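For this one, chain A is given, so just place chain B on it according to the hints.
Just so you know, the sequences run in chain order A and B. All residue numbers for the first sequence refer to this note's numbering, where the first residue is 87 and numbers rise by one. All residue numbers for the second sequence refer to this note's numbering, where the first residue is 1168 and numbers rise by one.
For the record, the hints were derived by calculation from the structure and aren't laboratory data. Hints are not guaranteed to be accurate.
As the list claims (entries may be wrong) - Straight-line alpha carbon distances no greater than 16 Å define the calculated EDC-like cross-link-like pairs of lysine to aspartate or glutamate that follow:
hint: 1; chain 1: B; residue 1: Lys1305; chain 2: A; residue 2: Glu349
hint: 2; chain 1: B; residue 1: Lys1385; chain 2: A; residue 2: Glu366
hint: 3; chain 1: B; residue 1: Lys1385; chain 2: A; residue 2: Asp149
hint: 4; chain 1: B; residue 1: Lys1570; chain 2: B; residue 2: Glu1626
As the list claims (entries may be wrong) - If you anchor each label on the Cβ, the simulated ranges turn out as follows:
hint: 5; chain 1: B; residue 1: Glu1408; chain 2: A; residue 2: Thr369; range: 36 to 42 Å
hint: 6; chain 1: B; residue 1: Arg1509; chain 2: A; residue 2: Ile365; range: 33 to 39 Å
hint: 7; chain 1: A; residue 1: Asp186; chain 2: B; residue 2: Asp1314; range: 39 to 45 Å
hint: 8; chain 1: A; residue 1: Ile284; chain 2: B; residue 2: Asp1209; range: 52 to 58 Å
hint: 9; chain 1: B; residue 1: Arg1509; chain 2: A; residue 2: Lys235; range: 57 to 63 Å
hint: 10; chain 1: A; residue 1: Asp370; chain 2: B; residue 2: Glu1408; range: 21 to 27 Å
hint: 11; chain 1: A; residue 1: Asp368; chain 2: B; residue 2: Thr1218; range: 25 to 31 Å
hint: 12; chain 1: A; residue 1: Tyr236; chain 2: B; residue 2: Thr1218; range: 47 to 53 Å
If you're wondering where the values come from, they're calculated on a predicted model, not measured in any experiment. Every residue, glycine too, gets a C-beta built ideally from N, C-alpha and C.
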Amino acid sequence: MNYIDTVGFGADIGGRGFHLPVDISVRSDGRVFVINRSPMHRRGIRIGICDVTHGWYGEFGSDGAGDGQFTGPTAITHGPDDRVYVADEELNRITVYSPDGEFESKWGEVGSAPGQIDGPSALKFTPEGDLLVVDHRNNRIQKMSPEGKYISSWGTGGSGEGEFNLPWGLDLDSAGNVYVADWRNDRIQRFSPDGEFIDMFGAHGDGEDQFNRPSDVAVDDGGFIHVADWVNQRVQVFDAEWHFQVSLRGQATVSPWAQEYLEANADELDARSRFNPYIEVDTDVPHEVSARVEAYFWDPIAVEIDPDGRLIVADSLRHRLQIYQRARK
Amino acid sequence: MTTVRARTDYPLVAHLLRRAGFGGTSDDLRDLASLDYETAVDGLIDAVDTTSLPDDLIRRYHIDQSDLRTRPSAGSYWVGRMVTTDAPFIEKVALFWHRVFATAQTKLIQGKVMSTQIEMFREYGLGSFRDILVQLSKNPAMILFLDNQDNHRDAINENYGREILELFSMGVGNYTEEDVKECARAFTGWTVANTDYMALKMRNNTMRPYGYIAWQFKYDESDHDDGEKTFLGKTGNFNGEDVIDIICEQPATAAFVARHMYHYFVADELPVPQWPHFPPKDPEAIRVMTDAYFESGYSIKAMLRALFLSDSFKSEAARYARIKSPMELVVGTIRLAGGYQRPGTDVYQATAASGFMGQDLLAPPSVEGWMGGSDWISTGTMVQRVNFASGIVGDIGRPGIRKLVDEIKASAGRDATAEALVDSCLELLGRLDVSDDTRSGLVNFATDAESSEPASRSESDQDHLITSILQLIVATREFQLV
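Next up, chain A with everything else stripped away, as it sits in the complex:
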């Protein structure tokens, strides 16, 4: 994987940039929709639209429980018609927007009965146009219609095959198989399009075949599996047979938006010219290392593959996206 670029800038009260991004979705034309979950800065809660070449196309949504608003947004995805679907784990509902972010409808009812949800944490459409919802506090995956009609579900709480412990993100491969980041079981589980268990990979730890609270997974056209290994502060890449490929730690650079800011603040630009971004840290706790080294991922929370095969990592505590691309062979 080659590092390509960094997109973003810390913007905690809205405007061009991000604040605590938690999920991303790429529209069919390549525009990137970014959820900003900004709990203590309510003006920062919104969905921003950009592209991977630093274009900025505005934002929509805001803090609240009204139509088109959210209080605990966790997940975003685009439908086959480019409509936008956003999950809210606090309001327990899915909000539907037009491709440009106009509010259209909402659905969802809290509970554990079929069709009810408790803490939706990830959304993805199947090739057939059904919506998969990670219903994380119910430890299950639910298949729903885009209008919220229950179709089927699988999973229960536990650590056995097909069981979950507070699952978080998910993705589908080109065959429609479903990959779930089984967060507190420290593994990725793979299911058939109908939810039949296929296999699982990972165990608790920081080795090459281990995870510490994986928060998301993304599968590219070549079947390569990218895992946001959240507590380990890295993205791990495997082939379709779970052979380890590479581990990414993050290597962010100053984005054009960030550069504009520094050039408008001469004292910071000057001090930054003497700034050593890769200091020798006095801790081996990944979260603390990331807190000290700005270029590293700090809570890489979501991964997505764009139509051109680029890997986009939501680097949440650094308010930016880091972009990678698989090396051509």
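Chain B alone, transformed into the frame defined by chain A:
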């Protein structure tokens, strides 16, 4: 309910729990009272945290408590620990050091470095005072709070050199102005990595472009004055740790730390600036602690153990002799109410409430910390205290309150008189002692509030009556004391 023979009297155990922790439930009291007092003290001070919510769960639901950038985020994270831990003494001691080594996010801007300092208090706060001072001197939050990044070999800044003597170890009157300068020279070169950029981001109050970068201690040998120094009568090429060794040898240091402990754990003392001019309230308590300090090699835990076992601490006069700090009131009330099995937003409200009562966590008003004592009470803060506590104990949906009400019902009996109900409430609310006047007022309230004879009262009426009594109790003068 299992009946266990009490080996220590309940009022003393309740006193210990209030001071070494945040008070206790009836279960806590019963457990501790089954032990002899010395074993109970050791159990409390040796406890290791096993019940705090794990960081991964907190960070998933409160992403702002992962970067801990803001004061509400960092403060709420700490309140969460205080509320959920089964080793409250560690948090109480961290609060103690936060008050003595007052460092404020209002200047530092980023909350993470404050949280890191509090974590240091958890790790070192009961160990050797020498280790605490070394860690404090290397603590990035303290370095930038007292400007030691501007303390250079060719141009000293004596801010930290002065405060470590005046406020953190010995107190005014036990050193000279020359000692202050020599102390500052010893700490030259004690700074943080990327000093310029880190200090500038703090001064400019900006998280841009990519959030704050956590500070890290750096010893810059090239900026350290390695020349000969004379400090408190000793001469040598002292570095910061050498100076700390000399500080820790001083009887004045032991007495100063002991007086702070007495002020925090036993009874309100005079404000620190008056200490050079007035003797301690209880010289015997100070002697017990200073003896333990030297006998144990400067151990803070040994000092506090000696204090808790002393007659000064155990005496009737020491009970309810202090006014609860806002944090003691807030955390104690929430712990009573229970229900923090998963991360919630209540910790933010609790943190804010403490601020309204006059104690903004992580933002002490000056380098001398909070004065405490009667400063905690004003018309406005009293209203905040009562509103907060009555809101919590009046919410029967909270598991701890539900359990408390059921226990009161079981203890008082179905046909309980108003007197019996009030006494049960006081008993199960952490064995609260109240004056005859207060009890009489509570009984009058309970009598007036009874809308029907006990036998014909519905369960929900009974619940409402009991929570109303509890709400009135937390508004009493006695509940404000610890």
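Evaluation of the provided hints:
1. Our distance criterion of 16 Å between C-alpha atoms is broken by lysine 1305 of chain B and glutamate 349 of chain A, whose separation comes to about 33 Å.
2. Between lysine 1385 of chain B and glutamate 366 of chain A the CA atoms are separated by roughly 10 Å; this keeps the pair inside 16 Å, and the hint holds.
3. For the hint pairing lysine 1385 of chain B with aspartate 149 of chain A, the CA-to-CA distance comes to about 41 Å; that exceeds 16 Å, so the pair is violated.
4. For a cut-off of 16 Å, the pair hint linking lysine 1570 of chain B to glutamate 1626 of chain B stands: about 14 Å separates their Cα positions.
5. As the Cβ distance of glutamate 1408 of chain B to threonine 369 of chain A is approximately 21 Å, the hint placing it in 36 to 42 Å is violated.
6. Arginine 1509 of chain B and isoleucine 365 of chain A have their C-beta atoms about 36 Å apart, which keeps the hinted 33 to 39 Å range intact.
7. A hinted range of 39 to 45 Å for the beta carbons of aspartate 186 of chain A and aspartate 1314 of chain B is inconsistent with their spacing of about 51 Å.
8. Distance hint check for isoleucine 284 of chain A and aspartate 1209 of chain B: the Cβ-Cβ separation is about 54 Å, which falls inside the suggested range of 52 to 58 Å.
9. Arginine 1509 of chain B and lysine 235 of chain A have their C-beta atoms about 30 Å apart, which leaves the hinted 57 to 63 Å range violated.
10. At roughly 24 Å, the beta-carbon separation of aspartate 370 of chain A and glutamate 1408 of chain B lies within the given 21 to 27 Å, and the hint holds.
11. Taking 25 to 31 Å as the suggested C-beta distance range, the pair aspartate 368 of chain A and threonine 1218 of chain B conforms, at roughly 29 Å.
12. Range check, tyrosine 236 of chain A to threonine 1218 of chain B: Cβ separation about 38 Å, and the 47 to 53 Å hint is violated.
In this structure, the earlier hints numbered 1, 3, 5, 7, 9 and 12 are contradicted, and the remaining ones agree with it.
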